[in-house]
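Residue numbers (full-length UniProt numbering), protein chains in the order written: chain A, 1 to 353; chain B, 1 to 353; chain C, 1 to 353.
By construction, these hints were calculated from the structure, which means they are not laboratory data.
It is possible that part of the hints are untrue.
Copies of one chain are not kept apart here, so a pair can be met inside one copy or by any two copies together.
[Unchecked claim] Result set (DMTMM-like, lysine to aspartate or glutamate): computed pairs, CA atoms no more than 25 Å apart in a straight line:
| no. | residue 1 | residue 2 |
| --- | --- | --- |
| 1 | K338 | D327 |
| 2 | K331 | D315 |
| 3 | K197 | D230 |
| 4 | K266 | E191 |
| 5 | K318 | E300 |
| 6 | K266 | E281 |
| 7 | K197 | E171 |
| 8 | K317 | D327 |
| 9 | K197 | E36 |
| 10 | K96 | E36 |
| 11 | K266 | E300 |
| 12 | K52 | D68 |
| 13 | K52 | E36 |
| 14 | K317 | D284 |
| 15 | K266 | D284 |
| 16 | K73 | E40 |
| 17 | K197 | E40 |
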Amino acid sequence: MSNTASWTLASLAAMVDARLVGNPDQLVRGLATLQEANAEQLSFLANSQYRKYLADTHAAAVLLTEADAEGFKGNALVVANPYLMYARLSHLFDPKPKPSAGVHPTAVIADDAVVDPTASIAAGVVVEAGAHIGPNVTLGAQCFVGARCVIGAGGWLAARVTLYHDVTIGERVVIQSGAVIGSEGFGFAAEQGRWQKIAQIGGVRIGDDVEIGANTTIDRGALSDTRIGDGVKLDNQIQIAHNVQIGDHTAMAACVGISGSTRIGKHCTIAGGVGMVGHIEICDNVFVSGMTMVTRSITEPGAYSSGTAMQPAADWKKSAARIRQLDTMAKRVQQLEKQLLIVTQGTQGSSES
Amino acid sequence: MSNTASWTLASLAAMVDARLVGNPDQLVRGLATLQEANAEQLSFLANSQYRKYLADTHAAAVLLTEADAEGFKGNALVVANPYLMYARLSHLFDPKPKPSAGVHPTAVIADDAVVDPTASIAAGVVVEAGAHIGPNVTLGAQCFVGARCVIGAGGWLAARVTLYHDVTIGERVVIQSGAVIGSEGFGFAAEQGRWQKIAQIGGVRIGDDVEIGANTTIDRGALSDTRIGDGVKLDNQIQIAHNVQIGDHTAMAACVGISGSTRIGKHCTIAGGVGMVGHIEICDNVFVSGMTMVTRSITEPGAYSSGTAMQPAADWKKSAARIRQLDTMAKRVQQLEKQLLIVTQGTQGSSES
Amino acid sequence: MSNTASWTLASLAAMVDARLVGNPDQLVRGLATLQEANAEQLSFLANSQYRKYLADTHAAAVLLTEADAEGFKGNALVVANPYLMYARLSHLFDPKPKPSAGVHPTAVIADDAVVDPTASIAAGVVVEAGAHIGPNVTLGAQCFVGARCVIGAGGWLAARVTLYHDVTIGERVVIQSGAVIGSEGFGFAAEQGRWQKIAQIGGVRIGDDVEIGANTTIDRGALSDTRIGDGVKLDNQIQIAHNVQIGDHTAMAACVGISGSTRIGKHCTIAGGVGMVGHIEICDNVFVSGMTMVTRSITEPGAYSSGTAMQPAADWKKSAARIRQLDTMAKRVQQLEKQLLIVTQGTQGSSES
Chain A
1 MSNTASWTLA SLAAMVDARL VGNPDQLVRG LATLQEANAE QLSFLANSQY
51 RKYLADTHAA AVLLTEADAE GFKGNALVVA NPYLMYARLS HLFDPKPKPS
101 AGVHPTAVIA DDAVVDPTAS IAAGVVVEAG AHIGPNVTLG AQCFVGARCV
151 IGAGGWLAAR VTLYHDVTIG ERVVIQSGAV IGSEGFGFAA EQGRWQKIAQ
201 IGGVRIGDDV EIGANTTIDR GALSDTRIGD GVKLDNQIQI AHNVQIGDHT
251 AMAACVGISG STRIGKHCTI AGGVGMVGHI EICDNVFVSG MTMVTRSITE
301 PGAYSSGTAM QPAADWKKSA ARIRQLDTMA KRVQQLEKQL LIVTQGTQGS
351 SES
Chain B
1 MSNTASWTLA SLAAMVDARL VGNPDQLVRG LATLQEANAE QLSFLANSQY
51 RKYLADTHAA AVLLTEADAE GFKGNALVVA NPYLMYARLS HLFDPKPKPS
101 AGVHPTAVIA DDAVVDPTAS IAAGVVVEAG AHIGPNVTLG AQCFVGARCV
151 IGAGGWLAAR VTLYHDVTIG ERVVIQSGAV IGSEGFGFAA EQGRWQKIAQ
201 IGGVRIGDDV EIGANTTIDR GALSDTRIGD GVKLDNQIQI AHNVQIGDHT
251 AMAACVGISG STRIGKHCTI AGGVGMVGHI EICDNVFVSG MTMVTRSITE
301 PGAYSSGTAM QPAADWKKSA ARIRQLDTMA KRVQQLEKQL LIVTQGTQGS
351 SES
Chain C
1 MSNTASWTLA SLAAMVDARL VGNPDQLVRG LATLQEANAE QLSFLANSQY
51 RKYLADTHAA AVLLTEADAE GFKGNALVVA NPYLMYARLS HLFDPKPKPS
101 AGVHPTAVIA DDAVVDPTAS IAAGVVVEAG AHIGPNVTLG AQCFVGARCV
151 IGAGGWLAAR VTLYHDVTIG ERVVIQSGAV IGSEGFGFAA EQGRWQKIAQ
201 IGGVRIGDDV EIGANTTIDR GALSDTRIGD GVKLDNQIQI AHNVQIGDHT
251 AMAACVGISG STRIGKHCTI AGGVGMVGHI EICDNVFVSG MTMVTRSITE
301 PGAYSSGTAM QPAADWKKSA ARIRQLDTMA KRVQQLEKQL LIVTQGTQGS
351 SES
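Next comes chain A alone, as it looks inside the complex (with noise of 0.2 Å):
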């Protein structure tokens, strides 16, 4: 890390309003876990469990709760939700490098496209016919913007990253390197036992604040556009289908496969592996446990799950074994019940209710 940095205790705290407790001309130069932070580092406790490892710290300062800093001896910040302050303070200690405005040499920008002359263009860019990049955008070294595409404002693509023609981006989105968006979509017909592909002429509409993860992979629209909503979270190596809809602000984490033309509501969170079937609905506010399988559309917030849970290997050889004969099972204790009915009837009357 390069990074040098520094702010007074006193700085930090006007900037989440925080009451300070102790030295505010402390220096901060970096951030760390409790269990790590050294004496110029500025440490936060979020979860209960790391409560142990409060007492210790060589942390600078702590960010915490009122009911945390009671009876702690160091400096701290006092804040009502000191995750939340931390994600806000820790942008002060990025060492992502900062490029200056302008076009690198090497990149290859085509004579109509526009660029604000407050973007910066990385090595190796290729931008093409009809694009449009916002003010402060950032394009890492070797991007390839589309035809026609446009990029709102504060928009940071890492190195690497695939637009295809058609797609549009709103303001402040990151898309991080190897993500790919506007994909021809997996769209054939069949004829006499052979495939044949149907065009993908609809784009890609990206809303504001939107985050798309490493390797990851939206399809343009096979005839409208794919919609990723405002403040949406994708992780690393999701697979987004043609005709997708995502509602505003939901997170999905890494490696979902979502199949096409289904819509997924506002607020929901889907774990990680979690695959969807096409076609389907899934309304605002639902959870989707890791790995789960979604085969049918969700009407009802909550949260829901499906698959195994992990056992040792041989006891998961008796269980898969039992779970394949489990219809002939359920037939047999029918069996049972009738069988041992016919005994307690025949041999004590109707005493059981």
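Starting from the structure of chain A, add chains B and C where the hints point.
Below, chains B and C without anything else, positioned relative to chain A:
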């Protein structure tokens, strides 16, 4: 969309051999669904589920069957298979840029590589020694084509595709952005708890009319070639390990993983998220449903599945706990049957067969 | 294949310390399986399943054990571990191009980056400020190496690899095309239904002799570094989230996803498609079978699994339906046991213990 191609309904009818009902001079400038089409867009009715939208569509004309055409008052192109004819006409309205022939000055082409003069090589492309780029091939920006690769006539590679050395590709093959073909497979020999790399000296051989999705990876063979048959369609983020063989006209949806040396037959359909272990064989005409774990060879055509159905999380927790107890429960049922037999034989004789 | 290296059997025997049976002057120009080898190719017998092909092989010579050599009439290299010796010799026949040292004129290297004169930097590579490229490192075409990265001696990066800033890589590390190391992990704090980004200020630290597969992603740490131990082998399309730690000599097959802050021990083997939740610990010497969902820490070495076995789809539908009824069925079995106890006690006394 910048596409402004327009066609008369009569000319479209001729292309798909349709019976034209209505105005042959009607101009068509695009394609859309029944609900979204405007007065200059062609639509289609291929799924009876959408028949309800037919009466009120604003489409310039609709591709439909004789049966659906009955009573329809708008312009119609009557065909036996509307979906297939939509597929065929869709390419007329594709806004995908069509690059002109020639090599961009920033491309780096090895002296002894052969590039057909009708091929189009975009900015930043690298083509290494001994490669052959066939007629009418398009290499998108920043593609890498390794030594001795062969790309057959009419191939279309999006931006940022990697072909390692010794990858041979048939005619009319489409490869989406971020795909990697010919990477070194996962071959290691164990030596006292450490892994020794095995050189991957085979190549990859891909047939005609194949499509390979965004960020899909296909490893080169360890000794002989990994092989993808004619007409195979692979969606995004699929992983094909070394030595795999995929039969002609098999299609795989996104996020499928095929382990090393597995052979898949012809005309199979593998749904999203399926995983297959290595060294197995799948016969022709097999359908595997989404997220199935294929742990053994399949020798009979048909449909196969694994996994559990989604439930509300609270119910799922109970099911998952019960699955771990299944072996015990099966033994309890067996015990019940024994006991009941004693009871019934003891008290009622052998009255129940 | 253009590889024309040739070796005498005697020289190969010396390299792997083999007992040579047959003609020491036999020339070997390649490697192949027993079935496919021609008269100038070396083969090997490592798996008794393939013993049947030994007698009829056309191979120039065969690597095999003393036991298998008995009665074999062809040329043989007799060794204790044929598979390991095949691994060792395989590199002699690798057709992978060996680039010469130096920086391609189209590469863009920051003024203060240090590139060892023995390193090979291909076309279109970008190396940013403060990076160190060690001796005999190969950077394939269009790689991006971020600020302050360090790549140790002998590293080999395929085309189109991304290293974000502050990624430190040991010696002899192999990274396949499309891999992304150091991307910003999925860190967000919730604020009134919206997600606020947490800067990811840690780096990534990778040991010696690591291999990282095509399109695999490894996120940088949120605060401290994500760590990959020595000798770790990661296959294609693996996702490693922020703060994960992987112990030495652990291997993971393709499509595995590891969530944030999880720690995996040494010498583990994780099969394809496995998912692990965050913040758990896996001890040394654990094997996890394909597509298992690991939802809790593992503290005992051994094999672990989850999931259900594949069935024909019609049978599977019944099993899946029965699984949802399992809790009810378990209660019915319990009820049967109670009732039967009443029956047997009532009619037969306590004759059954």
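Checklist line | Identical-chain pair category, K266 with E191, by Cα at 25 Å | finding: Between. Shortest inter-copy distance 15 Å satisfies the 25 Å Cα cut-off; intra-copy 39 Å does not.
Notebook entry, point to check: Using 25 Å as the alpha-carbon threshold, which applies to K96 and E36: within, between, both, or neither?
Noted result: Only inside one copy: K96 and E36 sit 21 Å apart there, 44 Å across copies, limit 25 Å.
Next item on the list: With 25 Å as the alpha-carbon cut-off, assign the pair K73 and E40 to within, between, both or neither.
Entry: within (16 Å within a copy, 74 Å between copies)
Item checked: Within, between, both or neither, where K317 and D284 count as close if Cα-Cα is 25 Å or less -> between (38 Å within a copy, 23 Å between copies)
Check: Are the CA atoms of K197 and E40 at most 25 Å apart within a copy, between copies, both, or neither?
Finding: between (60 Å within a copy, 23 Å between copies)
Next item on the list: If the cutoff is 25 Å on CA atoms, where do K52 and E36 land: within, between, both or neither? Let me know, please.
Entry: within (14 Å within a copy, 60 Å between copies)
Check: Quick one: K338 to D327, C-alpha cut-off 25 Å, is that within a copy, between copies, both, or neither?
Finding: This pair counts as both: shortest intra-copy Cα distance 17 Å, inter-copy 20 Å.
Margin query: Regarding K197 and E36, is the shortest C-alpha distance of 25 Å or less found within a copy, between copies, in both, or in neither?
Written below: between (55 Å within a copy, 22 Å between copies)
Next item on the list: Have a look at K317 and D327 and pick one of within, between, both or neither, based on CA distance no larger than 25 Å.
Entry: Answer is both; intra-copy 18 Å and inter-copy 10 Å each pass.
Note to self: At most 25 Å between alpha carbons: which applies to K266 and E300, within, between, both or neither?
What the structure shows: within (13 Å within a copy, 41 Å between copies)
Next item on the list: With 25 Å as the alpha-carbon cut-off, assign the pair K318 and E300 to within, between, both or neither.
Entry: between (35 Å within a copy, 20 Å between copies)
Notebook entry, point to check: Under a CA distance limit of 25 Å, which applies to K266 and D284: within one copy, between copies, both, or neither?
Noted result: within (5 Å within a copy, 41 Å between copies)
Every hint, counting from the list given before, is met by this structure.
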